[in-house]
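Chain V is fixed; fit chains Y, Z and E onto it per the hints.
So the protein sequences, as listed, match chains V, Y, Z and E. Here the numbering used here is used: the first residue of the first sequence is 222, the next is one more, and so on. Here the numbering used here is used: the first residue of the second sequence is 222, the next is one more, and so on. Here the numbering used here is used: the first residue of the third sequence is 222, the next is one more, and so on. Here the numbering used here is used: the first residue of the fourth sequence is 222, the next is one more, and so on.
A couple of the hints might just be wrong.
If several chains are the same, the list does not tell them apart, and a pair holds so long as it fits within one copy or across any two.
[Claimed, not checked] Simulated pairs of lysine to any residue, SDA-like, Cα-Cα distance not exceeding 25 Å:
hint, residue 1, residue 2
1, 381, 283
2, 316, 556
3, 267, 243
4, 473, 454
5, 381, 510
6, 473, 258
Don't read these hints as lab results, they were simulated from the structure.
There are 4 protein chains.
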Amino acid sequence: MIKVAINGYGTIGKRVADAVRAQPDMEVLGVAKTRPNFEAETAIDKGFPLYAAIEEREDQFAAAGLDIAGPVAELVDAADIVVDATPSGIGAENKSLYEEYDTPALYQGGEDAALVDTSFNARSNFEDAVDADHVRVVSCNTTGLSRAIAPLREAFGVEKVRATLVRRGGDPGQTSRGPINDILPDPVTIPSHHGPDVETIFDDLDIDTLGMKVPATLMHMHSLNVTLEEAVDAAEVRDLFGDESRLFLIPKHMSIDGSGKLKEYALDAGRPRGDIWENAVWEESISTVGRDLYLFQGIHQESDVVPENVDAIRAVTGSADAEESIRTTNEALGIGL
Amino acid sequence: MIKVAINGYGTIGKRVADAVRAQPDMEVLGVAKTRPNFEAETAIDKGFPLYAAIEEREDQFAAAGLDIAGPVAELVDAADIVVDATPSGIGAENKSLYEEYDTPALYQGGEDAALVDTSFNARSNFEDAVDADHVRVVSCNTTGLSRAIAPLREAFGVEKVRATLVRRGGDPGQTSRGPINDILPDPVTIPSHHGPDVETIFDDLDIDTLGMKVPATLMHMHSLNVTLEEAVDAAEVRDLFGDESRLFLIPKHMSIDGSGKLKEYALDAGRPRGDIWENAVWEESISTVGRDLYLFQGIHQESDVVPENVDAIRAVTGSADAEESIRTTNEALGIGL
Amino acid sequence: MIKVAINGYGTIGKRVADAVRAQPDMEVLGVAKTRPNFEAETAIDKGFPLYAAIEEREDQFAAAGLDIAGPVAELVDAADIVVDATPSGIGAENKSLYEEYDTPALYQGGEDAALVDTSFNARSNFEDAVDADHVRVVSCNTTGLSRAIAPLREAFGVEKVRATLVRRGGDPGQTSRGPINDILPDPVTIPSHHGPDVETIFDDLDIDTLGMKVPATLMHMHSLNVTLEEAVDAAEVRDLFGDESRLFLIPKHMSIDGSGKLKEYALDAGRPRGDIWENAVWEESISTVGRDLYLFQGIHQESDVVPENVDAIRAVTGSADAEESIRTTNEALGIGL
Amino acid sequence: MIKVAINGYGTIGKRVADAVRAQPDMEVLGVAKTRPNFEAETAIDKGFPLYAAIEEREDQFAAAGLDIAGPVAELVDAADIVVDATPSGIGAENKSLYEEYDTPALYQGGEDAALVDTSFNARSNFEDAVDADHVRVVSCNTTGLSRAIAPLREAFGVEKVRATLVRRGGDPGQTSRGPINDILPDPVTIPSHHGPDVETIFDDLDIDTLGMKVPATLMHMHSLNVTLEEAVDAAEVRDLFGDESRLFLIPKHMSIDGSGKLKEYALDAGRPRGDIWENAVWEESISTVGRDLYLFQGIHQESDVVPENVDAIRAVTGSADAEESIRTTNEALGIGL
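The following block holds chain V by itself, in its conformation from the complex (with noise of 0.2 Å):
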């Protein structure tokens, strides 16, 4: 068994915990977390340790009713390997730590891509991750973006992407993030920094982003303008697409318009926290002009690198190859709706 800390227990951190439990082949050793509120009380609901990720907080814990099973050194000193799952920019400054220690690490999208060996799409390149010391799971766009790219330059060749994210304003609790009513360029600037981003995974694409922000909660949207080396019919694509385990090709007889109905089938499915770990494609919007691919497609910031992080544990540890690691973990969480 992979022993796996896991530091920082918010919306990434308490997800990787439960896909990571759910794993045949892996426990979680424990959860660090900086201050007591609902998802500490759930971690203790649910018997993960709880370890202070900030040692001289221990009594915040405390005042809330919650055991606190030690300070985080001690975690990161005890496991295999450690999920830093905190805020952006705290991950670049928790490296020392797990350096100290030993202990190898995965980090998330919001770090930067100089921390680390390698960038980590567990479709694209897993293998470059094998035995590195320090891995960075790209960020949600990026893991989606590289998702849909990697088949089409397999099978067709991608000459240009084109890619305009539209995004969330800010996750469902998150309600001090705004905007109310605006659509914002963000960045102004163009390109946006995904596309460097999906050349970590993807050292020699030609690739162009746009960002915006939007007053919405649930998921990302994405318009994708793929320029492939060949025409090809939609119908291809569609194929394509439908033999990739992390993409889901919503079919138009369930009448899901948009990210709201597509959470409610999540949802209704049975999904823990209606997760969405694949990315949605509108199969009806898969489309294309001679060798432009147009296509929308959902991506749910909360869970899509959940899975990929479960693979760069494996990939880290040695302990599977890709095909073997992606099988694992889709039947341990579920994955295909």
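Chains Y, Z and E in isolation, oriented as in the chain V frame:
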């Protein structure tokens, strides 16, 4: 086993179906739906026999690859009781069908009180529905108000209730509903219909309600004022409410500031669909000024009536008294956060 | 003086009425409306003769204390030209009325291109409408795209246009429209109708468009990609656009991050209704990668077609050429932020 | 002519500047701002001398091409009175500056009541500010409540006020503020600070207030309950309110359902920035049940305090009594829709 038919498999119907299935003394005989969509798919996936609510549309289901068990009349005929969970006004149209087959029926709060023998809230007037043929489970807002008022009446006496109901504009999947950026008096006339509706449960209650509609989808929020018959300390009210199984007092240390984090907590806790069957009362908000009690409570419009429907089934079929039914329902669903 | 009738006094009609009145060579003969409301009140307050678009409803206006000048047919008969600003599809129904009185007519972008002799954008094809009887002023989005594309075609040649149109769900007063919290592919099929609509202005243009709908009310936002026939420096595009009277380049030092601050700037500057008649192009966003040009532009759905309607009046009545008309319109309205 | 300095040229300051300029007995000596942006540009365009609120930042204005008239201290020194329209808490920091130059000052409602000699609402306690040196114009919500309560106290006597204030999350240009999709008790404790704030105007009033925050930007909405000292017919209240110059009764026949259409009406009517200086009371909502009065009123957070600031200038400078000041302000601005 009580054989339950569910006519209407949308927001309420699908939740009632799952809740009925979870009971030790009931089974779902089948569910009826008017058109194929993602909900019809999950009905099939869950093994609920699917009936066509509109016989002429059986073809549409076939075209979507969904097997139909038969016309809705067959289902009504075979059932001990039917739960009508169709949109407002359709229940009234369906009444003659239920009468034709002599099957007792529950209706939802969108129907008129005059349609039925009695309106129903398990905590407040379970006995009124015993052996009735046509019972209306009151709306989500009326249910929420009744649950808070009932114990206050018993413990302290209620002189007058004034409530402002700030209502979500639509459910998460209802993308055609607004407003996008407004706060609407709705209805603009005062009192709103909610007050008289609460009086179908407590016929001697003095209550005035005001309604608004805002651009949110997750829950309604009530600003509640109850003038009691005696001056009471807030702590007494907190204690009183703490004993009510369908009131959840949100503790301060959970750092839950609104319905977004509340739903996230419910999802983290493993609640199906993140449903919050209880009134969610902010514990910190419970305050008294002389005989005036004030509080905020969140009402989950999609689910708070679900346990009430289950209890109403037992009332109508005479299979348990209030206390036993509520206890069984609560245990089967896991009510009590 | 050109005698102008305006049939439909809502979002577009009331703005066209004010704009026509501001012209030195035009007068508003009257405006027609289907029902009394706050807009009808201001029509009276502004001294526009008010006609009943539906004769049988004259009573309703009387009940609201509003004097009706007569039936709409009288107005059409007396006018040199009618601007039909009725909702989509009603313009087509009205065409026979205009033909009956032999009055030339302008229609809005919601009507079908096949209804008219020519579609119209002042910057791009003014001459096509000279002496035509039935002319369609293209929609807000098509107007915005045409204004940006026309100078690029002339200066550099355009190989292909790809645009993602992120559209506001409804106007500020349209409280029944959603979505409240979603990002909808709309239409989900690709390309959207906008591309073909732009081709009614440039019949040899290669353009693919994708549409979305989001919970915002103020403006649409376009993510625009134009593959030019030659590689161009972004500065050249900024210079080119700087010379266009109906493109407003938002300078960086204004710190305008979206449509909220943009509208606030327009209101501060004294613009009537805060209208932004120009395309609002974020100057910082104008970027080139080889022959690919990218930019963000905000399109004010309520007003960008207003100066176009004014110019179309001059084209149809043959009273000025493009250059003179555009200059007159711009000066009379104060176009050019 | 009263020489007025305005320190802070944002949402409130820029409106006060325009309102002061419109008065026959006042002039704007200059406005001070902390950083260049679109508002600074329009200050220059309108011919208001622009002072640097933070002397070290003069360079930033120069870089943006904006001429600075001097440091804010110079402006304060030369003025008869300064209107401090800086963000909450900054006014308190500025007080010593105003004292240093012996210039009387107005502050906004975000400052603490203890900072000043008196809090101010023109309709309710104009006289208290006569010849005071430091006066606080109460917040938008307190202003709105005071205007409604004052005539009720005089005509019928007020036993108790209960109000739920459903507040917009941010102004239209405040894109970093949320929530996006939530209804927040805010503050979660009861009563909110608004009640005590109203008591700075009416020191013997019994009032309890509850606050919420929702995803809307246009206006606040109050659900107001006033228990009067005698039973009153709703028509009497409508008549009473009809005589109040700063209460606008929205008539039913205008078909205005919320703040979106209300603002549109104000814009159509030519109001600068679409400002609604009056409380907007839905006439249909005014209802009585025994001694309980209920109504809905919209409060335009950006502008309802503007005429109050103008009146406070006259009170502090002793240049007119309440009746004369209010009449002059109303006429100069065009108050009374």
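Hint check:
For the homomeric pair residue 381 and residue 283, neither the shortest alpha-carbon distance inside one copy (55 Å) nor that between copies (42 Å) is at most 25 Å. Proximity of residue 316 and residue 556 under a CA criterion of 25 Å is satisfied in neither setting, with 31 Å inside one chain copy and 43 Å between copies. Taking the closest pair of Cα atoms, residue 267 and residue 243 come within 25 Å of each other both inside a single copy (13 Å) and across two copies (22 Å). When the C-alpha separation of residue 473 and residue 454 is checked against a cutoff of 25 Å, the pair qualifies only within one copy, where the shortest distance is 19 Å, while the shortest distance between copies is 43 Å.
In this assembly of identical chains, residue 381 and residue 510 lie within 25 Å of each other by CA distance both inside one copy and across copies; the values are 14 Å within and 12 Å between. Taking CA atoms no more than 25 Å apart as the test, residue 473 paired with residue 258 passes between copies only; the shortest distance there is 9 Å, against 41 Å inside one copy.
Checked against the numbered hints given earlier, this structure breaks hints 1, 2; the rest are met.
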